[in-house]
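J.: Each chain is listed here by its residues.
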Amino acid sequence: MDIVTTLPTPQNLEGTPLWENYLVAQLTQAALGLVPGNALALGVEVDEFDIAVVCQVPQATAAVVDDVEEIAQELMFLLGERADVSTRVETRAVATMTPQDSTVWIYAARDPEPG
Amino acid sequence: MGSPSRGASGVGLATLLRAEGVRSGGGSSGGPGRGDPAGVEPVAGGSTQKQARHINGPNYRHGGYFDDAADAQKVLDEFHDGTATVLGVHGTGNNPFVVVRSPNVRGVNHNPRSGFHHQPTDIFFIKGSSSPSVVPATPGWTS
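Listed in order, the protein sequences are those of chains P and U. Anchor point for the first sequence: position 49 equals 49 in this note's numbering, and the numbering is continuous, going up by one each time. Anchor point for the second sequence: position 59 equals 174 in this note's numbering, and the numbering is continuous, going up by one each time.
Read the hints as simulated data drawn from the structure, not as lab findings. The beta-carbon is built from N, C-alpha and C at its ideal position, and this holds for glycine as well. Possibly wrong hints are sitting among the right ones.
So, partial list: chain P residues that the calculated Cβ filter (under 7 Å) puts toward chain U [to be verified]: (1) 19; (2) 20; (3) 25; (4) 26; (5) 29; (6) 32; (7) 33; (8) 69; (9) 73; (10) 78.
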């Protein structure tokens with residue numbers, strides 16, 4: 001079995017998901033100072049120019065929706081007019097992530113301390 | 116999207132955003148709009164987080180910025196008095212924004228993850244209607 005083990009270098013990013021990574025970098029910028037205080041997780045789904053900002057919260061209040069939409073707006077400012085940026089707020093008891101997620105997560109709250 | 120137009124006498128920013136029928140989920144739909152010289156909304160100002168995050172100062176957070184908070188108000192004034200040109204209206208969910216060219220104001224586009232550092236610009240986003248804030252945009256934004 002051939003397994004590629006060469007990781008990217010500054011001189012060679014061949015094979016890396018550059019567009020997706022670019023979206024992750026831009027979302028981190030767009031979200032500065034805007035992540036809802038009760039956010040459990042924040043991430044982005046990317047399908048070329050169709051982009052969704054995804055936020056998991058225990059309770060999807062109007063304030064949370066406003067915050068996430070503002071992050072999406074700031075993201076669109078960075079991406080330009082061809083980007084179609086939507087939002088999705090998911091209600092969860094705890095941050096919920098799987099290896100199969102299409103969402104690229106950039107933030108997850110710490111799990112509650114036991115006891 | 117209609118052709119750009121001189122921006123601003125007749126109705127306010129909120130009315131423009133409603134009239135443009137900004138669709139939910141992003142993308143562009145806008146066109147020319149008109150404002151209201153008698154109803155200039157105050158910019159959110161350097162004291163509020165929304166505007167301050169785009170002012171070169173202690174509360175700056177990311178992206179385009181003004182060196183002087185007064186320049187953000189000047190963009191709004193030029194939107195309302197018709198000096199600015201409305202290039203388009205875009206929207207994400209309930210947060211539509213207007214794109215204007217305000218040739219008498221200098222902002223700075225700063226988008227390092229796209230390779231653009233501290234570019235002078237006269238293109239601006241106006242976001243929010245009851246308490247609008249202004250964000251300098253890429254000088255290449257066209258609609």
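J.: Now tell me, hint by hint, if it's right for this structure.
T.: Results for each hint:
1. 19: Not OK, violated: residue 19 (chain P) not within 7 Å of chain U, min 12 Å.
2. 20: violated, 13 Å
3. 25: Since the shortest Cβ distance to chain U is 5 Å, the answer is holds.
4. 26: Result: holds, 5 Å to nearest chain U Cβ.
5. 29: For residue 29 (chain P), the interface hint holds, since the closest Cβ of chain U sits about 4 Å away, which is under 7 Å.
6. 32: holds, 4 Å
7. 33: holds, 5 Å
8. 69: holds, 4 Å
9. 73: Interface hint status for residue 73 (chain P): holds (5 Å vs cutoff 7 Å).
10. 78: holds, 6 Å
The structure does not agree with the numbered hints 1, 2 stated previously, though it agrees with the rest.
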